Structure formats: structure tokens, C-alpha cells
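Asks: The residues making up each chain are set out below.
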Amino acid sequence: MRVLDGVRRAVLGCTRTLAGTAMLVIGLMMLTISYDVAARFLFAAPTDWAYPLNAVGVLAATALAAPHLYARGAHIGMDLVHRGLGPRAQRACDAATAVSALLLGVVLAVTGFRSMQVGLTGGLVGAGTFGIPLWIPDALLGIAGVLLAVVAVLFPPSAQDDPAGEADV
Amino acid sequence: RDPIAATYIPESYDDLYPGVEHFLGALHRETGGERSYEVFDAGTLLGAEQLLPGLLMDIAELIFQTSSYVSSSYPALSVMELPFVTGNFAQHRRAIDPDGPLHAEINDQLRPRGLRLLGSLPTSLEYLWTAAAPIREPADVRGMRIRVAGEIEGETVKALGGAPVTMGSSEVYEALERGTIDGLMSYVGTLVSRDLQQIVRYGTVAHFGAYTFDAYCRADWYEQQPEPVRRALRAASRSLHRQGTDSMLAVHERDYLPAIAEAGVQLVEPGARELAAFRRATAPVHEKWRAAVGPAVADRMLARVDEA
Amino acid sequence: MSDAWFVLLAVLLLLVLIAARTPIFVALSVSGIAGILAIGGPGALELVPLALVSQLQEYSLVAAPLYILFGEVLAASGLGAGLFAAAYRWFNRVPGGLAASAIGSSTVFGAMSGVSISSVAVIGRMAVPEMLDRGYKPALASGAVAASGALAMLIPPSLMFILYASVTGESIAQLFAGGLLPGLLLAALMGGYVVVRAKLAPAEAPGAEERFTWRERFAALRHVLPALLLIVLVLGAIYTGVATPTEAAGVGTLAAFAVTGLLYRSLDRATVKRVFASTVQVSGAVLAIVGSAFVFTQMLVLARVPDAVAEFVVGLDVSPYVVLAAIMLLLLVLGCLVDAASLLLVVAPVLVPAVEALGFDPLWFGVLLVVNLEMAVITPPVGLNLYTMKSVVPQLDIADVLRGALPYIAIEAGLLVLLVAFPEIVTFLPEIIA
Ligand code: NA
Ligand code: NA
Numbered sequence: 272m273r274v275l276d277g278v279r280r281a282v283l284g285c286t287r288t289l290a291g292t293a294m295l296v297i298g299l300m301m302l303t304i305s306y307d308v309a310a311r312f313l314f315a316a317p318t319d320w321a322y323p324l325n326a327v328g329v330l331a332a333t334a335l336a337a338p339h340l341y342a343r344g345a346h347i348g349m350d351l352v353h354r355g356l357g358p359r360a361q362r363a364c365d366a367a368t369a370v371s372a373l374l375l376g377v378v379l380a381v382t383g384f385r386s387m388q389v390g391l392t393g394g395l396v397g398a399g400t401f402g403i404p405l406w407i408p409d410a411l412l413g414i415a416g417v418l419l420a421v422v423a424v425l426f427p428p429s430a431q432d433d434p435a436g437e438a439d440v
Numbered sequence: 002r003d004p005i006a007a008t009y010i011p012e013s014y015d016d017l018y019p020g021v022e023h024f025l026g027a028l029h030r031e032t033g034g035e036r037s038y039e040v041f042d043a044g045t046l047l048g049a050e051q052l053l054p055g056l057l058m059d060i061a062e063l064i065f066q067t068s069s070y071v072s073s074s075y076p077a078l079s080v081m082e083l084p085f086v087t088g089n090f091a092q093h094r095r096a097i098d099p100d101g102p103l104h105a106e107i108n109d110q111l112r113p114r115g116l117r118l119l120g121s122l123p124t125s126l127e128y129l130w131t132a133a134a135p136i137r138e139p140a141d142v143r144g145m146r147i148r149v150a151g152e153i154e155g156e157t158v159k160a161l162g163g164a165p166v167t168m169g170s171s172e173v174y175e176a177l178e179r180g181t182i183d184g185l186m187s188y189v190g191t192l193v194s195r196d197l198q199q200i201v202r203y204g205t206v207a208h209f210g211a212y213t214f215d216a217y218c219r220a221d222w223y224e225q226q227p228e229p230v231r232r233a234l235r236a237a238s239r240s241l242h243r244q245g246t247d248s249m250l251a252v253h254e255r256d257y258l259p260a261i262a263e264a265g266v267q268l269v270e271p272g273a274r275e276l277a278a279f280r281r282a283t284a285p286v287h288e289k290w291r292a293a294v295g296p297a298v299a300d301r302m303l304a305r306v307d308e309a
Numbered sequence: 220m221s222d223a224w225f226v227l228l229a230v231l232l233l234l235v236l237i238a239a240r241t242p243i244f245v246a247l248s249v250s251g252i253a254g255i256l257a258i259g260g261p262g263a264l265e266l267v268p269l270a271l272v273s274q275l276q277e278y279s280l281v282a283a284p285l286y287i288l289f290g291e292v293l294a295a296s297g298l299g300a301g302l303f304a305a306a307y308r309w310f311n312r313v314p315g316g317l318a319a320s321a322i323g324s325s326t327v328f329g330a331m332s333g334v335s336i337s338s339v340a341v342i343g344r345m346a347v348p349e350m351l352d353r354g355y356k357p358a359l360a361s362g363a364v365a366a367s368g369a370l371a372m373l374i375p376p377s378l379m380f381i382l383y384a385s386v387t388g389e390s391i392a393q394l395f396a397g398g399l400l401p402g403l404l405l406a407a408l409m410g411g412y413v414v415v416r417a418k419l420a421p422a423e424a425p426g427a428e429e430r431f432t433w434r435e436r437f438a439a440l441r442h443v444l445p446a447l448l449l450i451v452l453v454l455g456a457i458y459t460g461v462a463t464p465t466e467a468a469g470v471g472t473l474a475a476f477a478v479t480g481l482l483y484r485s486l487d488r489a490t491v492k493r494v495f496a497s498t499v500q501v502s503g504a505v506l507a508i509v510g511s512a513f514v515f516t517q518m519l520v521l522a523r524v525p526d527a528v529a530e531f532v533v534g535l536d537v538s539p540y541v542v543l544a545a546i547m548l549l550l551l552v553l554g555c556l557v558d559a560a561s562l563l564l565v566v567a568p569v570l571v572p573a574v575e576a577l578g579f580d581p582l583w584f585g586v587l588l589v590v591n592l593e594m595a596v597i598t599p600p601v602g603l604n605l606y607t608m609k610s611v612v613p614q615l616d617i618a619d620v621l622r623g624a625l626p627y628i629a630i631e632a633g634l635l636v637l638l639v640a641f642p643e644i645v646t647f648l649p650e651i652i653a
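Protein chains in written order, with the numbering used here: chain A, 272 to 440; chain B, 2 to 309; chain C, 220 to 653.
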């Protein structure tokens, strides 16, 4: 059991770091958009990078935060039916949740990394003068998938900090 | 179930969409009804940026896509997008003939990276459209924010001293109205399909760029097709290039150009001296492209364009 | 089995998983994946990363985390308490004054926050205990806050309009403009309701004894003034066309940091960290749903459900208004079962082509849809605002919360009828800024 707790702590440290990176990404989005506005109004020279980088920023922040939010039970869910069930039915529901999250993680990891490989071998980049390589968002999805699969196993609903649902979202 | 063909063009784009129908119709006919496709248009299944990855990952067997979305990844395709690369539209159209040498040369460049260009519909040449002040010479572009759709167009605007701006075509009207941008580079189809002639006041008529609306498949998929199917694909490509282009030109002539004239857009036709200045100013775009595809390949391709 | 059956089973799986308390984003993705697998085979699963990339890299979504950050920063300045204090000094003489104050503060809070649950949490935490102390009936007290918290979705900036823009391509600025008058009208109707109710049944909302001088009233206003000015500037920049909603969000949030840090002096390291942590939590949770809803939608597209719905609706031999009424009823029922964001994200791609084919304006429909979501967040069994209310004021009985919210469903239905009868309430402002 102690080993399991150690693994959980290590994984949580990892997901927390990524969630912290997501915080940084959102801060940078605010700053780069403000800079772009300033450059446009003051120097009539909008950047060509603010638009594509911020679009990837939304995906990055989401993918980086999702596994940690799952491990903490902070995703939006609906508690009404579940809370009225008996303990056995509740356990069955929690198992269904864990299996679903594991499945999603695996599909996301496999398809995300395959898509990344296609983007890399094809040398695919986004359109425009500041094209971002397409493998980057795919890699983020792949990583999110791996971590989601891991937290699905290590943090089944019963082991999460808060009950899913009305958690302070 | 039928394999999937996808495009981000909606059926309402009546200048380009017939090209898709000509291609698929010819393919169906030439294979004796054997090859028919389930078509997802208007980007419903694969958005503009997802068509190419969707093709390479085998979601779709055929895609119809504007070259500017593909040429960032496959710079060989940009040869037809270069500013002032041909003298006129007729030569432009001959150069990209699916039975011509340039088409084969492009596919030699695409094949090692898994893609095949089946055929192209050359859209009419791209002009610079502005809302407040006309562009008569390169100096007029300085400091202007011009909306572009692709990399080469962006480089061209930069070479002229302007700032290229990327945004979805649905946002252009509002952006012009609010002065977020001063103008755009586009062919007449983009202008009219978004009703931009209502807000644009000047159009500078010169060959600032051009793109093609293309049919693509995977290179290895093409190799695997039996010869009769490949023959049918070539016939379909011819149909896209010939009937597709004809119907685009007819629609422009009948509806789009009159709509632009009726809205009171003033067309600026630069003289020989100004044209030479535009040419000189955009020469660095050719140089950048040469560096991207390699000088030997670039020379071969440009020679094919010149011969056309 | 035909595609229609696969779609039906996928929808069923979605509802079962939601009932099992599976996080909504997992429920949407997994049922979407199951459907894609059944309809298109294993090869079609590559649609999953394509759908996520395509939806989450939609540029209009950039505004979403920024407006969430904007609201969180302003909330950190203690503005919620300031707003309620000010509203109370102005409204305490009217019958049901505390409830009217709560609705008034929700209205203003709604103009700085795009998310209804944060509104319920911030206003509810202060206002409801206060009302209970003064002898308000729990149902009246909690209902006013749970329902008016949803005004944040209709009064710009609004996350729901950003999401609607991201799936339909409508302009965020015009949607924001379209939501403003209906939002204010709804606020007025809600306020009118509590006043009339308190007048008819004084036992439910005892009158206040306190008296405030005009000086006290203006002093309370002065405290919230800088934040109010900021809100006016941000929305003004959008309406006058100086900035796009995304630009206004970026610059406005930077300014909100400045106002909160320099004027209110309430930004230390820990607060900044808390602000960003809760921004990541709220936007991460919502955007995960946005991406996975698109996976589900792509399953519907693969089965050609939107085409079939549009064809069916257009083929109906009845007035478009009958169809519209049927759609609104359907949304009311679905709104009981699914959360607001998923409802919007799943039904908009399916219904908007049909609604357009009937000749209705998709911008106007977007506003109707958000009014439907106002109902969805307060209808059981799945009504996020109700449970948020219960979780911030745990001594409330959930049955009282449900009962208290019921009259507002009728008010919102009434607003829908008004917006259908007088579409100008929606389209007037967007046409001015267009
Ligand atoms: Na709001
Ligand atoms: Na509900």
C-alpha cells in the first residue's frame, strides 16, 4: 500500500507540474495578445505569431490541465443519481468511470502519437507565414492520453480528493 | 460503405464547387459506376487544417483543398503561387495542366513525402483589395495590414512593405469595417463569396499571387490502384482542370465581376513602370522559395512554367 | 445494424455514464469514440485527435480562458462583497430588498464574469446567509441567487456565446451585443418577480429596518467604481469596434490585474497563484468538455445526423414557429438531463443548419439557445447552479433550492416568447455595431 501511495504522489507531482505549465500558458496568452494589440495600434505592425501561437495555447492549456483535474476529481460531473444509489451500485458506477477514463486515455495516446508521427514524417506545418508544426498539438494530446490512462488506474473516483461534480468549478 | 471524399468548400461556393462535382462525376463515369464517394463538404468532417492530415491518416481517400493550405508543408506546390510567375491567366492555366510536365515535376517532389497531386483548378489571379486608399505602386503598401491566406502571399505582402495578417475568411468583413486590416489579397471568388465588394473600394489588378484548388490522394494509395482506375483518376483530373476552370470563369464573368463593378469598386491597372516596380519588390519571394525547394528543382519548375 | 441505431446507443451510453457520475468530458468522448468505432470502424478513430485539434485550436476559443481569468482577477479584488453592499444600500427599502440586491449584484457580476457558477458561488456565499438571518424563506433566498447567477451567460462577456461562435462561425462581438438587452430584460423580470412576491407574501421576505443616507449609498458605489469602469471600457471597446472580443479580453485582463493590484491592493503572490489555479481549473474543465463534445459531434456528422435533421425539419408541413416551439421544448427536456456547455456544443451543430433552413437568423437563435441554457442550469436532475448553491450554503435543503428556482423557469419561458415575438430585442444592438 505504501508503494502505491508513493507512486500516486509521484504521478500527482507530474500532473501538477503540467497543470502549473497550463497556468503559465494562460498568462502568456494574456501578455502576447496585449503585445500584439500594442504593436498593431502603436506601430501598425501586428505580429504574425500571436494568432497561431494563441490558438495552440488553448489546446495546450486544456491538454496539460486535464489529467491533474481528473486525479483531483475536479472535472465537471453530475452527482444526483449517484448519491442516491446503494454502496454496491456506487462501486459499479465508479468502476465504469475508471474504465471509461482509461479507455479514453489509451485511445488518445495511441491516436495522438500516431497522428504526431504522420505530422513528423510528412513535415506538416500550419498554413501562413508563421506555421506551427502539426506534430506539436498531437504530441500534447498523446501525453495527456498517457497521463489520463495512468490517473484513471491510480485515482479511481473513490480515491479522488473531492467528489466529482459541484467541486468549486 | 463508400470511401470518403472531403473538402472545406461548401456547396454555396458556386465558382469552385462545380470542380469537385466534375472530378467525382468523371471518376464515377470512367470506372463504370464502380467508384463513388461519400462526400463531406463545408469542412463538416475535416476542417481546412485537418484535410491533409485526415488524408494521410486514411480518414478520407480524396481531398479537395486550396494549395495555400498544403504548400507550407510541400513548398514545391508554391511554384504557381509566386507573384508574377506567369504573364497571364491563360499561361497560368496551361502551366498546371495535369498532362503537362510541371504537374509531373511537382509529383516527383511530393511522392517521397507520401502525397500525390491529382489535378488542379487554377483560381483567377490574386489582386490587392483595399478599403481606404488605392495601391498604385509598392510604396503605397508600406504600413498596410493585409489579410492573407497562405505563406507565399504573406511573404509577398512583407516584401512590399506591408504586414500580413492571418484570420478566418468569416472575420474579414468586420475587420475591414473596423480598420483592423486595411485590405486583403485574394481572387475575386473570396471577395464576392464574403460580400466584401460592399466594403472594399479599390482593387489593384496585377499578378500578386494565385493559388490552385486541387485534388489530392496518398501517393502509395495511387500506386496500388489498378491501371483502369488510375486512368479514370487522370480523366477526372482533366475534368477538374478543364470543365472546372471553365465553369469558374463563367460564374465570375456572369455574376462576380458585375457584382464588383456594381458595388462601385474602382479597379487600378498599374502601368508598365509600376508593374516593373512591383516585380522588383517581390523578387525576394522567389529567392526564398528557391532556397526552400533547392535551386536545381526551382529552375526546372520555372522553366516548365515559362514554356507553357 | 444501421447508423441510426449506433447513434441511439451512443446517446444512451452518454446518458448512462453521466448518471454514473463519470466526468462529462469522459462521458462525451467515450460515447463518441464508441459510436465512431461502430459506424466507421477502427480506422475512423483517427478522427479523435483531428477533432480535438480542430475544435480546441479554433481561434475564437482564445477568448474563453482570458475572460475566465478576467472574472477571477476582479473577484479576487473583493468586488463581489462590494457589489452586494452597494446594491443593498440602494435597494433595501423595496419589498424583498435583499433578494433584489442579490439579483442586482448578479447582473453586474455577470458583466465581468462569463461563467454562471462562479456568479452563484460568489454572490450566494454572501447574500443567502444574510437573507436567511433576516428571516427570508430558504426557497426565495436561494432561488433568486441560483437563477440570477445564470445571467452571466446572457450578459456579455459570456463563455456560452464564445462556444456558440466556435461551433457556428457567428461573430462573438455580435453575439455579445445580441445578449445584452435580453440579459438586462431578464434581470428586470427577475427583480420584478421578487418585489411582487415579497409584496404579496411579506412573511417570505421580511422588510428591512435599516436606513441608509445618500452619502452612504454613493460611498458604497465609489468602492466598486474602478472595476465598473473597467467593465464599461472592455465592453465599450468591443461595441465601438476598437478591439475584437479576444483583444479586449487580453488587454482588459492585464488592466484588471493592474486595478486589483494597484487600486485595491489585494494581489499578493498567493492570490495571484490562486487566481491562476482557479482559472486553469474552470477553463480546463470547460474546454475539456468543448473538445470532447466535438468528438461526439463528429460521430453524429459521420452518421449524417445534422443533414437528416435539417432535411426532416424542412420537410415538415407546419409553420416554422411550430418547429421552433418544438425545438425549445426539446431543449427544455434535454436541459434537464445534460449540462449547459455540452447541450450547447452538441445541439448547435445539429440544429443550426435546420434553423437556418427554416429562414431564422442563426445569431438570434444563438441568443434563444442561451436563454434555454439559463433554464437548463436550474432544472433538475442536472442543474449545475442548484448544486453550486447547495454546496456554497450547505445548510440549505436541496428541495428548497429546487422549489425556489421553479418560478424562474416560467419567467425564462416568458422571455423566450417575448424574444420570438419581438426579435428586435436581440437583433437591434448587433445591427447597430455591424
Ligand atoms: Na457574462
Ligand atoms: Na438542467
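Hints are computed from structural coordinates only; laboratory data are not their basis. Model, not experiment: these values are computed from the prediction. Treat each hint with caution, since some may be false.
[Said to hold, decoys possible] Residues on chain A that point at chain C, a partial pick, calculated with CB under 10 Å: (1) W320; (2) P323; (3) D350; (4) A372; (5) L391; (6) G394; (7) V396; (8) G397.
[Stated by the list, open to error] Derived list of chain B stretches under chain C, where covered just means 3 residues or more per stretch with a C-beta under 8 Å from a C-beta of chain C: (9) 66-73; (10) 116-124; (11) 164-175.
Note that beta-carbon positions come from the ideal geometry of N, C-alpha and C, so glycine has one too.
Asks: Flag every earlier hint the structure violates by its number, smallest first.
Replies: Hints 1, 5, 6, 7, 9 and 10 not satisfied by this model.
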